[in-house]
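S.K.: Here's the letter readout for the chains.
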Amino acid sequence: MNRGMLAKLIGLLVLTVVFCVPVFTTDLYYVHTLIMVMYYIILALSLRVIMRIGDVSFAHAAFAAIGAYGSALFVMKVNMPFWAAFPLAGVLAVLMAIIIGFPSLRLRGAYFFLVTFAFGQIIVIVLGGYWENVFGGFTGLVGIPAPEAIGPWQFIGKTPYYYFILALTLITILVMWRIDRSRIGLILKSIAERDVLAHSLGINIMRYRMLAFVVGCFFAGIAGSFYAHYVHMVSPEGFSFMHSIQIVAFCVVGGTASVAGPIIGVGSLTALSEIVRAQGPYEFIVYGISLVVVFMFLPEGLLGLPKRMSGVVEKLSSLKRPTRLSV
Amino acid sequence: MPLLEIRKITKDFGGLRALDGVDLDVHQGEILGVIGPNGAGKTTLFNVISGIYKPQSGSITFDGEPITGLKPHKIAESGISRTFQATTLFDNMTLKENMLVGSNLRSGLRLWDMFLNTPKARKTEAELRSQITDTLRFVGMNDFQDKNACDFSYGYQRTIGLAVALTTKPRLLLLDEPACALNPDRLLEVLNLIRRIHESGITVVLIEHNMRVIFGLCHRIAVISYGVKIAEGTPQEIRDNEDVVQAYLGKRSAP
Numbered sequence: 027m028n029r030g031m032l033a034k035l036i037g038l039l040v041l042t043v044v045f046c047v048p049v050f051t052t053d054l055y056y057v058h059t060l061i062m063v064m065y066y067i068i069l070a071l072s073l074r075v076i077m078r079i080g081d082v083s084f085a086h087a088a089f090a091a092i093g094a095y096g097s098a099l100f101v102m103k104v105n106m107p108f109w110a111a112f113p114l115a116g117v118l119a120v121l122m123a124i125i126i127g128f129p130s131l132r133l134r135g136a137y138f139f140l141v142t143f144a145f146g147q148i149i150v151i152v153l154g155g156y157w158e159n160v161f162g163g164f165t166g167l168v169g170i171p172a173p174e175a176i177g178p179w180q181f182i183g184k185t186p187y188y189y190f191i192l193a194l195t196l197i198t199i200l201v202m203w204r205i206d207r208s209r210i211g212l213i214l215k216s217i218a219e220r221d222v223l224a225h226s227l228g229i230n231i232m233r234y235r236m237l238a239f240v241v242g243c244f245f246a247g248i249a250g251s252f253y254a255h256y257v258h259m260v261s262p263e264g265f266s267f268m269h270s271i272q273i274v275a276f277c278v279v280g281g282t283a284s285v286a287g288p289i290i291g292v293g294s295l296t297a298l299s300e301i302v303r304a305q306g307p308y309e310f311i312v313y314g315i316s317l318v319v320v321f322m323f324l325p326e327g328l329l330g331l332p333k334r335m336s337g338v339v340e341k342l343s344s345l346k347r348p349t350r351l352s353v
Numbered sequence: 131m132p133l134l135e136i137r138k139i140t141k142d143f144g145g146l147r148a149l150d151g152v153d154l155d156v157h158q159g160e161i162l163g164v165i166g167p168n169g170a171g172k173t174t175l176f177n178v179i180s181g182i183y184k185p186q187s188g189s190i191t192f193d194g195e196p197i198t199g200l201k202p203h204k205i206a207e208s209g210i211s212r213t214f215q216a217t218t219l220f221d222n223m224t225l226k227e228n229m230l231v232g233s234n235l236r237s238g239l240r241l242w243d244m245f246l247n248t249p250k251a252r253k254t255e256a257e258l259r260s261q262i263t264d265t266l267r268f269v270g271m272n273d274f275q276d277k278n279a280c281d282f283s284y285g286y287q288r289t290i291g292l293a294v295a296l297t298t299k300p301r302l303l304l305l306d307e308p309a310c311a312l313n314p315d316r317l318l319e320v321l322n323l324i325r326r327i328h329e330s331g332i333t334v335v336l337i338e339h340n341m342r343v344i345f346g347l348c349h350r351i352a353v354i355s356y357g358v359k360i361a362e363g364t365p366q367e368i369r370d371n372e373d374v375v376q377a378y379l380g381k382r383s384a385p
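Those protein sequence lines, which keep their order, are chains A and B.
All the letters of the first sequence, read from the start, carry residue numbers 27 to 353 under the working numbering.
All the letters of the second sequence, read from the start, carry residue numbers 131 to 385 under the working numbering.
Honestly, the hints are just simulated from the structure, not real lab data.
Each residue gets a CB set at the ideal place from its N, CA and C atoms; glycine is no exception.
Please note that a few of the clues may not be correct.
For lysine-lysine, the following DSBU-like pairs were computed, each having C-alpha atoms within a straight-line distance of at most 35 Å [stated by the list, open to error]:
1) A:Lys184 to A:Lys341
2) A:Lys34 to B:Lys184
3) A:Lys215 to B:Lys184
Ranges of calculated distance between the beta carbons of each label pair, as one might list FRET restraints [said to hold, decoys possible]:
4) B:Gln186 to A:Glu263: 48 to 56 Å
5) A:Glu340 to B:Thr224: 48 to 56 Å
6) B:Tyr284 to A:Val338: 25 to 33 Å
7) B:Gly151 to A:Pro129: 29 to 37 Å
8) B:Tyr284 to A:Pro325: 22 to 30 Å
9) B:Gly145 to A:Pro129: 25 to 33 Å
10) A:Pro325 to B:Gln158: 46 to 54 Å
11) B:Arg325 to A:Pro129: 44 to 52 Å
12) A:Val257 to B:Asn278: 40 to 48 Å
13) A:Tyr55 to B:Asn278: 22 to 30 Å
14) A:Ser343 to B:Pro167: 48 to 56 Å
15) A:Ser343 to B:Lys277: 53 to 61 Å
Not everything, but these chain A residues come out facing chain B in the computed CB check (under 8 Å) [stated by the list, open to error]:
16) Ile36
17) Leu223
18) Ala224
In isolation and in its complexed conformation, chain A is listed as follows:
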């Protein structure tokens, strides 16, 4: 059995287990944790496609906020059914992404970070401090209704949400994986690698940067919409800069080389923060420290671990043999 088949088999196994969890567990805490894990996986995967062009957006939580608030307001103020508000929330995030993208995507590195950081803060400040009769101020919006039933399945309890987010996560993984494998992924990689060369080879780098940014923000928006109708309330502090850093940490710690990276990042950091949370409210310290550790010792993230390990193993095994002079 070769590696490809093995990976597919493991994937299928994991999928089956994940699929059956609500059937076997009555402990709602586990179901909730898994739902949140999947929510973060979508956010991390959508940030990763933005990072594929070489820069990190620190406004990602803000785009989830746009989707969350947008969807909640569509349903509560305009009486839209959830299933219309949900994709519309994504469209709203896309519109904001285009508006923010035009000035920012020309910039690289630290400048891109600063502009996305600024936009992210502006969005959160506006949601918290202005038009309080619409956005609900610092307390935000409460009483956000659940999605309407699809056929016989009503959104009561956690199970329907679990399968909904599971479907969303799988779709996100599929889309991101497909982008990676296709020529689009190749072009994004080339822009990240050396944009001047890509530009001179006829690639419209602004268009591809915008594409990656828009796709990433769309998925952040619909994830936010899910969140709003799952926890039934949204507030600005749920989408703060700390949360943007958290999402960045998922991608950096897991690695961005493949679609598996953010998933591993979410899994490991969530597990770590669960352990730490038992000791006290030190969650965000976990994210901060893990970011620093990864930058210093493992820049490719956990995805780069096998390579590092084999390098270390090679070094150790060569220590045993006496060094031979090359002739």
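Dock chain B against the given chain A, drawing on the hints supplied.
M.R.: Quick look at chain B alone, frame taken from chain A:
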């Protein structure tokens, strides 16, 4: 009508005038050499032609169409391709991937095709791969398609840079110091390659400091010094030109 007409191109960087009213014609089917001391503005001229810099004033016409100030991808689309002074490749991508990126321009693939992997996409990809194999055979590097670009030696990287520039099927190729720092064997190979590229119908403009390359390859030569074109003509005319000798070539020792 010249293939490329450069008229009164002026490029400033803040207070520094890098190009001052440069006029230059490139004729279809020729190999034009651009020489001059370091810092003369040769690469800046290339950067203006290929769209990386926008000139303060002046115009550039390619095959009758104005291309002044267009973005680099538009310039590539119109048929001008270039290489860079420092080896510019996609380091952490394989040779095949480097070529695939370049081949994108003429592939006719739309985003939708790429994402969904439509039959059209699959057919085009197969065609492109076979074209890439042909181009790599042309430059003698077909066996190394899956090697990372950064793992090739410097000399081979220059050849790869050339091959990648060729994937956009240019009519005009701008080469920035193709012979730079090459050992004599590699130099000969690159020279032959440029000849063969030229024979396949592509017009070539090259910046070079290596006079044997320039005088060995070029039909005409332009000399640029301190942002100004100080001479233009056949190799013999340039050799005999006093200004050029003073500015760049150096005094001839006793024959």
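S.K.: A separate judgement is required for each hint: does it hold in the structure or not?
M.R.: Taking the hints in turn, this is what the structure says about them:
1. A:Lys184 to A:Lys341: violated (50 Å)
2. A:Lys34 to B:Lys184: Violated. Lys34 (chain A) to Lys184 (chain B) sits at ~51 Å, over the 35 Å cutoff.
3. A:Lys215 to B:Lys184: Holds - the C-alpha atoms of Lys184 (chain B) and Lys215 (chain A) are around 26 Å apart, at most 35 Å.
4. B:Gln186 to A:Glu263: 48 to 56 Å: For Glu263 (chain A) against Gln186 (chain B), whose Cβ atoms are near 50 Å apart, the range 48 to 56 Å holds.
5. A:Glu340 to B:Thr224: 48 to 56 Å: violated (23 Å)
6. B:Tyr284 to A:Val338: 25 to 33 Å: The hinted range 25 to 33 Å holds for Tyr284 (chain B) and Val338 (chain A), with Cβ atoms some 30 Å apart.
7. B:Gly151 to A:Pro129: 29 to 37 Å: holds (34 Å)
8. B:Tyr284 to A:Pro325: 22 to 30 Å: holds (26 Å)
9. B:Gly145 to A:Pro129: 25 to 33 Å: holds (28 Å)
10. A:Pro325 to B:Gln158: 46 to 54 Å: Holds: the Cβ-Cβ distance is about 49 Å, inside 46 to 54 Å.
11. B:Arg325 to A:Pro129: 44 to 52 Å: holds (47 Å)
12. A:Val257 to B:Asn278: 40 to 48 Å: holds (46 Å)
13. A:Tyr55 to B:Asn278: 22 to 30 Å: Distance hint for Tyr55 (chain A), Asn278 (chain B) is violated at roughly 47 Å.
14. A:Ser343 to B:Pro167: 48 to 56 Å: Check passed, 54 Å falls within 48 to 56 Å.
15. A:Ser343 to B:Lys277: 53 to 61 Å: violated (26 Å)
16. Ile36: violated (24 Å)
17. Leu223: holds (5 Å)
18. Ala224: holds (6 Å)
The structure fails to meet hints 1, 2, 5, 13, 15 and 16 from the earlier list, while all remaining hints are met.
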